[in-house]
Amino acid sequence: MASVEISALRKLYGDVVALSDINITIPSGSFYTLLGPSGCGKTTLLRTIAGFHSQNSGSIKVDGASIESLPAYRRDVGMVFQDYAIFPHLSVRDNVAFGLKQRKVGSADIARRVKDVLEVVQLGSFADRMPHELSGGQQQRVGLARAIVIEPKVLLMDEPLSNLDAKLRVDLRAELRRIQRELGITTIYVTHDQEEALAMSDTVCVMYGGVIQQATSPLEIYLKPANRFVASFVGANNFLSVGRDGGSAALRSGGADVSAMLPGSDAAVACAIRPEALRVVPGQAAADPASIAIPANLREVSFIGREMEVFATTETGETLKAVARPDPAVVDLPEGSPVTFTAPRSDLLFFEDNETGKRIA
Amino acid sequence: MASVEISALRKLYGDVVALSDINITIPSGSFYTLLGPSGCGKTTLLRTIAGFHSQNSGSIKVDGASIESLPAYRRDVGMVFQDYAIFPHLSVRDNVAFGLKQRKVGSADIARRVKDVLEVVQLGSFADRMPHELSGGQQQRVGLARAIVIEPKVLLMDEPLSNLDAKLRVDLRAELRRIQRELGITTIYVTHDQEEALAMSDTVCVMYGGVIQQATSPLEIYLKPANRFVASFVGANNFLSVGRDGGSAALRSGGADVSAMLPGSDAAVACAIRPEALRVVPGQAAADPASIAIPANLREVSFIGREMEVFATTETGETLKAVARPDPAVVDLPEGSPVTFTAPRSDLLFFEDNETGKRIA
Amino acid sequence: MSTRARFRPEFWNVVTVLILVVLAVLLILPILRVLMLSFVDAKTEAFTLGNYVEVFTRNYYLNGFKNTLFVGALGTLGACLLGIPLAFFTARFHIAGRTWISTLAILVLVAPPFIGAYAWIMMLGSNGFITNFFERIGISTPTIYGAHGIILVFTLKFFPFVFLMTQTALNAVNKSFEDAAENLGCTPWQRFYKVTLPLVFPAISTGAIICFVLSIADFGTPAILGRGFRTLSTIALAAYRSELGGLPTMAVTVSIIMMAISMLALVAQRRILAKRRYASALTNLPVKSKLSGWRNVGVHLFCHGVVLIAMLPTLVVVYTSFLQTKGPVFTGGFGLESYRRIMLDAPGAIANSFLFSLAAVVLITAVSALISYVIVRRDTPASGAIDFLMMVPYLVPGVVMAIGFVTTFRNGPVGIFGAAGLLIMIYFIRRLPYGVRSTTSSLRQIKPSLEEAAVNLGAPPLKAFLKVTVPLIVPGLIVGSLMSFITAINELSSTLIIYDSGTITMPVKIYLAVLDGEFGLAAALSTVLLLCTGVCVYAVFRFADNRDSAFV
Amino acid sequence: DTVTVYTAAPQNLIDALVPMFEEATGNDVEIIKAGSGELLNRLSAESDAPQGDVLWSVDGTAVDFNPALFEAYEATGSENLADGMKQSDLWTPFTAVVMAFIVNESELDGKPVPDSWAALADPQYDDMISSARADASGSAYIQYATVLQAFGSEEEGMEMYKAMLGNFVLSESSGAVPRFVNDGELAIGVTLEDAALRYVEGGGPVEIVYPSEGTAIAPDAMALVAGAPNADGGKAFIDYMLSEEAQATIAEQGRRPVRSDVASKDALAPLDEVNSVGYDGAWAADNRERLVEEWKDMVLDVQ
Ligand SMILES: Nc1ncnc2c1ncn2[C@@H]1O[C@H](COP(=O)(O)OP(=O)(O)OP(=O)(O)O)[C@@H](O)[C@H]1O
Ligand SMILES: Nc1ncnc2c1ncn2[C@@H]1O[C@H](COP(=O)(O)OP(=O)(O)OP(=O)(O)O)[C@@H](O)[C@H]1O
Ligand SMILES: [Mg+2]
Ligand SMILES: [Mg+2]
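Residue numbers (my numbering), protein chains in the order written: chain A, 1 to 361; chain B, 362 to 722; chain C, 723 to 1274; chain D, 1275 to 1577.
Just chain A, with the same shape it has in the complex (with noise of 0.2 Å):
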């Protein structure tokens, strides 16, 4: 139980900034998640406050103190590694109990928590293999197992699920949730994967290109992300431009009027529409007053699972995707049919066009 701060926190590689201006806090029990495409920085700033390198500026804090005249190994911050860093040297049982022999816990002791906790990364039955009989994601689950086994203060996970099947994946990430709520520990989580940062953290900080974009809650930062990096990466992937002359705005493919929702500037906009928000009819159909419509020609319907992903063209050459339940009407369609895509006008949301451009309005 500890929270943390981390303020205008810098980490440069050579000329390479990895990091710029940190500014994070992280109340202590919450379980708190980076966010972000690969190379934004993730792993550094993790790898940072476990004290692996040292920032070129700002400061670290746990429960206030500041931590980083703490060698790594007296930060009591546990850590699950993106490449598992397994010791190939141990069996999987000395791997989790390396942590705390370490600790002087009792043997017997130790025996027990190592046993539940290979249990909980479902390797109970794996105990005494060595790391290169192991699959890959059976590594990252030793890794996983090693890291929580000593209860820290503070949990770093870099990716710990990421080369795990998504039944796995889903299993234990509500199985880390629980054990981080029963132990209360302070969690800080990386990944790329956007439904894993919604589904499990208070917190959700998404960064790119080595800068914090917005770090609020899931709901958050999916009704109201902050600038169009956000919003497209976490899933409203649909951008269709919008044109403006005078007062009135429009967009251009379909043309369905925004001015009501576009306060008088003259900047360059683009309205964002998340794929579930769209709804697809087939041929031409018109919207009702809080709808848009726009028609487009169908390019491919592809069905992933328990939904069908649509993907269009506008006659302006914009390309439109949605997310729906499978229909039968839609699915059955050639290529290049005519279809209208529809969406409610609350579900629209308008950025200045450039790749942070904030949110307006």
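These are calculated hints, taken from the structure and not from any lab test. Misleading hints may appear alongside valid ones.
[Claimed, not checked] Subject to a maximum C-alpha distance of 16 Å in a straight line, what follows is the list of computed EDC-like cross-link-like pairs (lysine to aspartate or glutamate):
#1 D:Lys1570 <-> C:Glu776
#2 B:Lys682 <-> B:Glu661
#3 D:Lys1360 <-> D:Asp1513
#4 B:Lys585 <-> B:Asp708
#5 A:Lys321 <-> B:Asp532
#6 D:Lys1436 <-> D:Glu1567
#7 B:Lys682 <-> B:Glu637
#8 C:Lys1169 <-> A:Glu133
#9 C:Lys1048 <-> C:Glu1059
#10 B:Lys682 <-> B:Asp708
#11 A:Lys61 <-> A:Glu5
#12 C:Lys1169 <-> B:Asp444
#13 C:Lys765 <-> D:Glu1563
#14 A:Lys115 <-> A:Asp94
#15 D:Lys1436 <-> D:Asp1401
#16 B:Lys682 <-> A:Asp171
#17 C:Lys916 <-> A:Asp94
#18 B:Lys465 <-> B:Glu512
#19 C:Lys765 <-> D:Asp1560
#20 A:Lys101 <-> A:Glu151
#21 A:Lys115 <-> A:Glu151
#22 C:Lys897 <-> B:Glu494
#23 C:Lys1048 <-> D:Glu1475
#24 A:Lys153 <-> A:Glu5
#25 A:Lys321 <-> A:Glu276
#26 A:Lys358 <-> A:Asp266
Take the given structure of chain A and dock chains B, C and D with the ligands to it, following the hints.
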């Protein structure tokens, strides 16, 4: 363009049976996915095809010609490695150019093709970096680029997207599929992500414990899982026990009569319902004749982006999970509130009640 | 579908067979011819086990046996106690003058036989200048003579093997392992012995085994510093040099006992190692940290102190070479008399030394890369056999090997080799294991999937090997080649049997000067050899250091 | 023509004599220099295809022990040899070596300079005397045999030698003996007269002492290798080394010449002033194996 045919393949590691009696036929140009949990033998199968170890028995044919006797370097089978296997002493550019140089492609041509493929994997500006200056995901993309740039007869991919963020994963998924179609490369793709498997594949082959459970089209896998393991692995993870009494059968939770759907055997049976097939309403509710209703108490509602996940416990102690569009009436319910789950009878699946129990009727 | 069943021997199988043939001809054949002698009665030339009975029943030999084990084991321990920390400090901390330290550590190995031990006597003998210095200030120091002196010299002479092997391995340990250990609460020290040490244990034990085998085989040091403390090597030397002539049966028998000891140690090491093979992807390499304060000072003192102390005898030799001499006597003051006297024929000997050693090392480098691959990556009985055979050259005393070579290759049907050819071949086969050991430990740390990726991209085995494996094992190859080169250019015992007037080498000249009591000459010759070798070593390290930044 | 000479001679002798021979006969000489033990092993290893022509400057017993490796040769000029020098048909004497003590007085800590074998047995010199090993070094064996011959009987000599051996610090190489004494590591050495002389001449703090009971004046051998590739050259070499000019040069280098008509160097005590035991080389050779065995046993007792 080549067809692949694998028959009666068997592979042991010492005593561990990694693959037992694998039979697979992959038509030329198709996209074939091996889907299965960690440790089920996916990597082993790929490596056997690539020629990195020899099978204990069985045969592998490409275009009808047996390739067992061909050394790995002459199999013309590209591979994306699970652990990336990026050459640490070569720059990104040289890593990608490696296979082309091997094939004596002209240097201008190499430069162009390398540039193009690096654009595809969004590493255009990283061409001159050394591997240790890349993040994990970036390394994985290099591995992908390196394999596709040589346009092999058969392309093997061992979880090439597992370390990527959701957005990039979805982008690359489409990109991969596009490239694969364009080049018509017969592709064998390993993943543990059922969504990925269903979205990309012509054929999905579900493996478990070194045995093929089912291999067919995504839709078929989804709608008609051959056995309980397949059903649960592709997401039908609510299993309810069925009480039998002579000719009549009923769900233990909620008591819905399902006799009509079960031919008169007395074997133990489980009923599976997909989370997305379940609807949740607050309080008590009755079902229409085409549906069943199961009363339960709410345990947790979690929000995963565009959907909510609802967990509840029935009076007989079974857990139910539903995934649905967020419904404020449900999201706001306190823990323990009574709710009713309903599902269309047509969405119920019945299996013999053991891990890989067959589907009934 | 027609499958053209054309037989294509697999590349690595061909290589394996070739290696086996070379080893059979250059190693097994000559040794067997000599080893038969241990079963022969010196007088009657009939078969007998009497030589062994003699060795195992007479105190003279049994004491030698005990003494050998004693100084061998403690010398090795000492070498580890210096070599491991030195390797760790230089691999993990920023040490000013790292190239310098590595170069000196290598130069320590360039100590021609005898002269180094004499240098210790000049420092720590009864009338040594260090002894005298302490006497003047009223402290009486123990002299260098006896078991403790031998152990001290072994320690300082052989630690570079442990140092070099360990350092190479440390540079390739996946950083995440150490991070994980630290993260789980290990202090840097605990991290070192609980994680890092086990991970580099294969390399350490290889270095230690080399030390042990060399300490057992070294005769110069115990001969000069022993003063009644006899080891098997001095016993064998005495038996061999006894002017009785005739068949050297006792010398060979004692040599075989020495070989058996070393063989046991090697087999034990292999047993232990069999279970420990760790590979890393080499993409997440360790970084060096900066120390500060007294730790920094301490570590620097240790690193520079160790190599400087180990270099002391060499420095004394260099100093001696500039002393004014008259005949064998130092007349006080400095002068270039010794250099004047060697000027005439030293250039030829230097040229020979370099020519033979370099020729052998080129062969060694190429062949050891291939052999290592076969040993590490191929799991066949043949590769096991090769791995085993690779120990043998360590174990066979040079004299035994040389007699075998001469009887096998100079006389009879294959008497086509001149002395130069014989020397290159014998250097090659005797020093090959240095290359192979070092390359092997390097290779074990590289994930096989890298080669698989190359093969998968269409590179035939040889090409995959040259383009991917070789560049990645360059550090191991460099260290291995350096060790082969240094030990080849210092080779004495077999050269002495083979050389002729056109092929005399520096160590032979140095040895002969020592025999005549001409220390000035010996020192001057040693200094020249040291200088030439030093330049080479430094150049290689500079090159390797630059590469460091370019990759890995 | 090239004559290949295997030799254990000190470098100064080689440097002085070989060019003279080349000059005088027009032959080229290839020198292979090593310890005499190594040379013999080399000769046996090569015995199927000999590479050397002459073995030059080794203890004669070594030749007598390996008759198969050598060929008898009666050198021109043998008639001029001093009495007692010619001892075997297999080899020709080249020089006479005289055993002596080398003493560094400053290291004696005030003890008297020993002047007899008996004095070396005095316990006051414990661990002060440097000697080579009689089982490894030819000259040390001669010294051992000399002591056995210098007293009334072999038993008496053996008693005496055993007491001396208790005082010895043994070194593996005979070249090291005068070196150690000169450098002050030890006070007394039992060594070859000419080796000691080089330190005296070089100005070292040492002196030469001849044992009063008598010492060995033993011939040093050259022999023709059996099946020598250039036997004629080898013979010419042996012949030349017996010539007057060669022997004179040898004398200059501090070795004792073997010709009766060439005198020793002035710096050395004249041979007639050195008490000789009349060293019996044949006896020493015949009994060598037994004596060396006894020596090894003795070492275990007293060291
Ligand atoms: N040692 C290094 N030297 C130079 N640049 C580096 C180094 N390590 C990482 N980088 C760069 O720093 C940036 C951040 O890397 P980091 O490993 O933190 O990414 P990440 O967010 O964890 O990505 P991923 O999800 O792919 O693991 C990347 O652009 C990477 O290329
Ligand atoms: N060298 C080996 N020795 C013994 N068992 C092994 C070896 N390699 C793999 N296995 C075992 O064989 C089984 C199949 O391994 P494989 O690597 O093919 O799994 P996978 O399906 O690729 O799993 P993942 O998704 O975790 O990568 C596993 O149970 C694994 O533990
Ligand atoms: Mg990362
Ligand atoms: Mg795998």
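Hint check, failures only: Every hint satisfied by this model.
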